[in-house]
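Student: First to last, the protein sequences are chains A and B.
Per my numbering, the very first residue in the first sequence carries number 1; after that it's consecutive.
Per my numbering, the very first residue in the second sequence carries number 230; after that it's consecutive.
I should point out that these hints are in silico values taken from the structure, not numbers from a laboratory.
Nothing here was measured: the structure is a model prediction, and the numbers come from that model.
All residues carry an ideal CB built from backbone N, CA and C; glycine is no exception.
Be aware that one or more of the hints could be misleading.
As the list claims (entries may be wrong) - A few chain A residues that face chain B, going by a derived Cβ cut-off under 10 Å, partial list only:
id	residue
1	23
2	24
3	25
4	28
5	36
6	52
7	56
8	78
9	97
10	136
11	161
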Amino acid sequence: MQTFDLSANGLRALNSSLHALKGQTNMTEWEIINPKGAHAIAAGVDAPVDITVRGSTGYYCAGMNKQATIRVKGSAGPGVAENMMSGTVIIDGDASQYAGATGRGGLLVIKGNASSRCGISMKGIDIVVHGSIGHMSCFMAQSGNLVVLGDAGEALGDSLYEARLFVRGSVKSLGADCIEKEMRPEHIALLADLLKRGEADGKASPHEFKRYGSARKLYTFNVDNAAAY
Amino acid sequence: MCGIVGLFLKDPKLEPQLGAMLTEMLITMTDRGPDSAGIAIYSGAGQGRAKITVQSANPGVDFKALDGDLHDALGQPVLMLVKDTHAVLEVPLDQMEAARSALSHLRPNVKVMSAGESIEIFKEVGLPRDVAARFGVSTMGGTHGIGHTRMATESAVTTMGAHPFSTGSDQCLVHNGSLSNHNSVRRDLKRAGMTFETENDTEVAAAFISHKLREGSALGDAMGATLTDLDGFFTFVVGTKNGFGVVRDPIACKPAVMAETDQYVAFGSEYRAMVNLPGIETARVWEPEPATVYFWER
């Protein structure tokens, strides 16, 4: 176990140590203490290591993550796991705006609530939120899955492409071109797996969720408009 | 960007440390806005005294014998505490308006930063650490306070363009964001009798709320009216003699974090502003909801 005191040694030293981990390494377990809401903690990691942050983080924690498992034993500021490529990020507390934005892969688990714009423009990431999410979540989301055990705020899935959204509670309003869709057996199976991987299988059954997706009626889906771009 | 911090103390034992706590919080927010910084501190209400905080570009000239001159004009004792470019003038509460009027004749170049029973505002161009040190903010006690560090967008980097803005007795407002309809709202408010010192958008928001309060609105209602009448991005933190409030626009892209314990309610643009507050580990920490008014009054 490598223990890194962020207050004492600073962010640059932490992230350059983590970026130096390539391929197979003996230093597979890291603990970061005294994060004190600092920005960009463990951003840009590209190694199969396990990192635990003991406290709350600021902007862009675990951004661009590849391969690593990053746990935050507190809450996360704006843009947690932004543009994640692979690996797993688990937030024990709440997450601020645009959690998992533009994420291309991997799994983001938020055990508290997520704020506005959760999963905005997601492109393949899976996001499991144990609590509720704020407004404009999954705006222009392209692919991947969002699972929300609580409620969703206004304009869920506005201008959605192919991402699948599963919400157990209420949805304040759906965004343009986002509609409720039938839950078929393959969706139940997908959701069961996501709940299990998101450490939420004891909290909710896949049968309690509704599925939302794109109606594919916006002008972007009409081939006659292709020449306009 | 801009950075905002705020503290509303519930536990009187913390009051002597208010200035020190706010200063540390504001310094943490320095990289959100390096242009200018300001702090409003509320203390000493209910003693029958008014405080007028004034600012001068030539304090050596303007503040010389100002207390004596004001004493002569009012026929009442005046206390003056000079702090760098600012001076706090203490007069009997019923003499506050007379003192402001006399000031405008005695020292026409002096700007009034704030006036009221408990408010004092200190603001200047520069980094939070330097501005707070110039005014000795960390030695000040009080019941509640608001700090701001500015990255200017809508008006010039000047002392008068720094936050907080005070447009009514014991009232102040700080802002992270920018307003797009401030010119038309300013015109309406001018017609309604409000006066303005700058072309700044935030001053319009402050005057908008002061005008609503003057018309008899409660603080919560006045803050709620910003959601319908002001267009743009905002997280506002508002101070009054007894209260402290927060409101964010419906899109809420300007960040805000709050923390509450039995001892205080705290506001920060980021959580890191609050990490050294007592008991923060067990505080209730949350993000204020968009288009929702929060306020605390004692």
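Student: Please go over all the hints and tell whether each is borne out by the structure.
Tutor: Verification of the hints:
Below 10 Å, beta-carbon pairs count as interface contacts, and residue 23 (chain A) has none with chain B, the closest being about 34 Å; its hint is therefore violated. Here the hint on residue 24 (chain A) is broken, as its CB sits about 35 Å from the closest CB of chain B, past 10 Å. Using the Cβ-Cβ criterion of 10 Å, the hint placing residue 25 (chain A) at the interface with chain B is not satisfied: the shortest such distance is roughly 30 Å. A distance limit of 10 Å between C-beta atoms decides the matter here; for residue 28 (chain A) the minimum to chain B is near 29 Å, and the interface restraint is violated.
Among the interface hints, the one on residue 36 (chain A) holds; its C-beta lies about 4 Å from the nearest C-beta in chain B, closer than the 10 Å criterion. For residue 52 (chain A), the suggested interface contact is broken, since its CB lies about 17 Å from the closest CB of chain B, more than 10 Å. The restraint placing residue 56 (chain A) at the interface with chain B holds, with a minimum CB-CB distance near 5 Å, inside the 10 Å limit. Hint status for residue 78 (chain A): holds, given a least beta-carbon distance of 6 Å to chain B, under 10 Å.
Given hint, residue 97 (chain A) at the interface with chain B, holds; its Cβ is 7 Å from that chain's nearest Cβ, closer than 10 Å. Because the beta carbon of residue 136 (chain A) sits about 8 Å from the nearest beta carbon in chain B, less than 10 Å, this interface hint is met. Annotation: interface hint on residue 161 (chain A) violated; nearest CB of chain B at approximately 22 Å, more than 10 Å.
Hint check: violations occur at hints 1, 2, 3, 4, 6 and 11; the rest are consistent with the structure.
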